[in-house]
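S.K.: Each chain is listed here by its residues.
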Amino acid sequence: MTVLKANRLSKHFGGLIAVSDFNIEIDEGELVALIGPNGAGKTTIFNMITGLYKPTEGKIYFDGKDITGMRPDKIAALGIARTFQNIRLFPELSVLDNVKVGYHLHLRSSPFAAALGLPSYGREEEQITRESLQLLEAVGLAYAAYEQAGGLPYGLQRKLEIARALATKPRLLLLDEPAAGMNPGEIHELMDFILRIMEDFDLTVFLIEHQMRLVMGMCPRILVLDHGITIAEGSPEEIQNDPRVIEAYLGTEEE
Amino acid sequence: MSLNMFLQHLANGLSLGGLYALIAIGYTMIYGVLRLINFAHGDVFMMGAYIAFYGVAIFSLPWYASFILSIVLSAILGMIVERVAYRPLRDVPRISALISTIGVSLLLENVGVVVFGGRPKAFPRPPLFNQEWNLGGVRVLSLTFFIIMASLALLIAVFYLVYRTKMGRAMRAVAWDFETAKLMGININQVISFTFAMGSALAAAGAIMWSMKYPQLLPLMGVIPGLKCFIAAVIGGIGSIPGAVLGGFLLGIGEIMVVAFLPELANFKYAFAFLALILILLLKPRGLLGKEMGEKA
Amino acid sequence: MLMKKRDKRVLTAISLLALFLLLWWAEGHLDPYIRRILNLIAINIIWAVTFNLIYGYTGQFSLGHGGFIAIGAYVTALLTLSPAQKEQNFFLLPCAWPLNSVQWPFVPSLIMATLLAGVFGILIGIPSLQLHGDYMALVTLAFNEVIRVINMNLQSITNGSLGLKGIPAYTNLLWSYGCAILTIFIVWKLGNSSYGRAFKAIREDEVAAETIGISAFYHKLMAFTIAAMFAGLGGGLYANLVSTIDPNLFSFLLSYQVVTIVVLGGVGSITGSVLASILYVSLFELLRPIDQPITLGIGVTIPGRPGMRMVIFSVIFLLVILFYRRGLMGTNEFSWEWLLLKVQPIKRMMLWGIRRGKETNDGSKGE
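Residue numbers (our numbering), protein chains in the order written: chain A, 1 to 255; chain B, 256 to 552; chain C, 553 to 919.
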């Protein structure tokens with residue numbers, strides 16, 4: 001069944017057209033990649049899906065529900081989570097707290113219960129702590145639970161951001177350049193990791209990437225964006241041999 | 256209300272508006288280059304008034320000499336404040352710098368209480384400004400006329416400085432993009448010092464004219480006009496000099512007119528400026544002439 | 553080394569009991585001047601600790617606390633004054649109905665003050681929290697002043713600039729510290745809860761917080777309203793302490809005072825706010841002599857001018873901002889473990905000393 005659908009999505013910033021007529025349909029359990037040269041508008045599309053930008057035109061549907069222009073926190077509550085290109089953790093909070101705060105949207109206790117330290121709240125807090133530690137185990141960060149998030153090395157910060165996103169119990173996970181700054185060994189690990197969490201957590205994944213090794217190596221479906229326009233869509237083989245894609249990345253062959 | 260009365264109120268409104276505009280420009284210029292609301296600006300205003308007063312009262316200077324001295328010393332005061340209390344905080348979160356301006360404001364006010372004493376002082380009003388003139392049937396204090404003229408002259412000078420000189424261009428560059436201006440070889444510290452000097456000088460000029468209009472000097476006299484003028488700058492669009500001028504005149508004329516047409520609300524005159532602020536921030540936070548700033552993400 | 557939860561609870565319970573016994577004794581035996589200062593400290597603790605919710609935890613800068621304090625103060629004043637006293641106070645314009653005929657006991661009045669301040673917190677918070685940084689500071693300042701001006705002019709409700717006199721002095725050390733402890737408990741619990749984490753997340757990165765499902769506006773409003781409620785509670789306690797209030801007591805200068813205390817103590821630290829409240833109020837009183845000339849016996853006179861102590865405070869404030877931005881405690885808190893860590897070496901030294909003493913005695917005895 002269709003999890004995410006976008007129709008004629010466009011974003012104009014004054015006179016600048018960042019994204020034009022973007023269409024996509026992603027089914028449950030799929031792994032789709034969005035690639036394209038820098039400045040093509042990929043992150044802008046993510047921002048529209050997650051509610052950070054309001055589309056100038058077009059509609060977005062999640063699980064059949066129209067989420068166009070909805071507030072980001074409402075969209076997250078519906079089940080879309082994302083990571084950021086330039087990692088936006090909460091640096092002064094501990095690693096564990098960064099994950100725990102991802103559970104906040106599922107909190108049932110009221111502020112009163114929390115403020116007065118009622119046992120009902122205490123039980124929820126214990127559950128959150130347990131599940132958060134489990135999540136940290138799953139990404140291999142349990143040993144650093146009480147360190148300050150801002151002090152983690154870059155690669156681990158990425159993992160933490162993903163763990164935090166997973167804590168919101170999403171159905172669709174948007175990853176914005178998860179492999180940025182990684183060496184081939186780390187990229188390989190990341191590929192395994194993504195496939196694993198897709199299975200363990202029943203996820204659909206839509207990702208933006210520049211690392212072709214990862215994209216061609218594991219994404220069955222790829223969309224290519226250039227200057228806001230979708231110039232190709234298909235399997236890795238089709239994309240690699242598409243002249244328009246080659247032109248967009250390398251420029252024209254003949255002069 | 257007769258036409259005569261109306262014109263009289265208008266004249267008063269214009270003169271008050273001119274003063275508000277002069278002080279509002281200082282706020283807006285400082286916000287433009289530093290993205291900082293200088294809560295201490297109103298207290299520089301106060302200092303300007305007192306310096307002018309003491310020049311005449313203690314040092315027996317002729318009024319024009321005392322006024323000029325006050326403007327110069329206030330400009331220097333502004334530069335010192337920037338150097339000591341704001342420059343060290345240039346790279347820290349804005350809120351800390353904001354608190355620093357509150358600290359400077361408190362310090363200036365309390366120093367004022369200690370040095371000048373809490374009892375009101377009477378600002379001199381030279382005879383030239385104390386005459387009653389009859390301009391085309393409208394009875395107006397000569398002071399009102401001079402204030403309007405002086406404000407206009409100063410405003411023209413400001414526009415010339417900002418839009419026609421090299422320093423003015425540098426100021427606008429820094430206000431537009433701090434980092435790039437630095438990379439283009441502009442001496443940021445010099446530009447910022449100059450901005451503070453200019454803003455403080457205008458505040459002192461405004462203070463002198465204000466004190467001739469409302470002769471009672473008190474250490475806390477700068478607080479309310481300072482807040483009102485900042486509100487005027489925000490209404491016009493903070494960071495925009497034309498905006499500050501527009502906001503100043505709107506506020507000045509508005510205040511006088513509201514009381515003129517609805518005298519029952521005279522006591523709430525003070526709240527008028529604040530209510531206008533709340534409205535503008537809710538309906539058009541960039542201000543009437545303000546520029547658009549970036550989007551969310 | 554983590555102490556057992558049970559041990560920590562026991563220590564806290566014992567300390568609280570000791571504190572209350574001390575306060576009970578103090579209430580009956582200490583000089584009224586000292587008692588007043590202690591009460592003021594407790595009230596400032598309430599204001600500072602809850603201001604931290606808005607500023608320290610959520611990262612929003614509000615300069616409107618004075619307004620909520622004013623609301624709390626006027627509510628308890630108007631409710632606890634007897635109808636006869638109201639007639640005396642409202643000689644210019646009679647007090648409006650039904651206020652002119654009611655008289656409530658202390659606790660319901662305090663509760664009403666808290667609730668009403670909370671209502672205003674929501675009303676003022678909704679527009680103010682749409683703005684950020686400097687703008688929010690300005691709008692809350694504006695609201696503070698609007699409340700003050702309205703208070704000055706609502707002759708039949710607040711008695712305008714004449715203020716209210718003769719408010720029953722119900723506030724004593726047990727009430728003020730009781731409320732302060734309750735406040736600290738609630739803020740501490742909330743701060744360590746999921747809500748506290750949400751607040752801090754908003755402070756760290758509001759946009760990222762929204763993308764994990766935290767409505768920044770809702771949570772900021774929550775913190776703002778809770779802070780307003782407790783500001784009102786403190787205001788109510790204040791009115792029934794000083795017995796005389798007027799609108800000018802609650803100007804932006806009071807808001808600045810709360811900000812000063814929080815900054816001095818360390819933004820985001822409850823312990824810091826408590827310590828800074830104690831320091832600020834004590835210092836304020838201690839430095840009172842500076843406002844008058846002081847004569848040292850040998851015929852030397854230190855000149856004193858009214859306002860000198862405020863100058864000293866301003867200088868201290870600026871120094872902290874410029875050089876010790878993290879304040880007294882930074883973002884750290886007091887904990888029993890910290891104290892234990894400090895005590896351990898002393899305990900060890902003492903035990904070592906005792907053992908040495910024993911050895912020497914035995915040695916010398918044996919001879």
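Think of the hints as simulated: they come from the structure by calculation, not from any bench. Remember, it's a predicted structure, so these values are computed and weren't measured experimentally. Please note: incorrect hints may appear among the correct ones.
What the hints assert, rightly or not - EDC-like mimics (lysine to aspartate or glutamate), calculated; alpha carbons at most 20 Å apart, straight line: (1) 556/C - 126/A; (2) 556/C - 125/A; (3) 560/C - 126/A; (4) 741/C - 124/A; (5) 557/C - 125/A; (6) 169/A - 27/A; (7) 74/A - 885/C; (8) 59/A - 73/A; (9) 5/A - 21/A; (10) 74/A - 758/C; (11) 741/C - 126/A; (12) 557/C - 177/A; (13) 741/C - 125/A; (14) 54/A - 758/C; (15) 65/A - 92/A; (16) 169/A - 137/A; (17) 74/A - 92/A; (18) 557/C - 126/A.
S.K.: Compare the structure with each hint and give your call.
M.R.: Hints, one by one, checked against the model:
no.	hint	result
1	556/C - 126/A	17 Å, holds
2	556/C - 125/A	18 Å, holds
3	560/C - 126/A	19 Å, holds
4	741/C - 124/A	14 Å, holds
5	557/C - 125/A	16 Å, holds
6	169/A - 27/A	18 Å, holds
7	74/A - 885/C	34 Å, violated
8	59/A - 73/A	18 Å, holds
9	5/A - 21/A	13 Å, holds
10	74/A - 758/C	15 Å, holds
11	741/C - 126/A	14 Å, holds
12	557/C - 177/A	43 Å, violated
13	741/C - 125/A	12 Å, holds
14	54/A - 758/C	18 Å, holds
15	65/A - 92/A	36 Å, violated
16	169/A - 137/A	16 Å, holds
17	74/A - 92/A	25 Å, violated
18	557/C - 126/A	14 Å, holds
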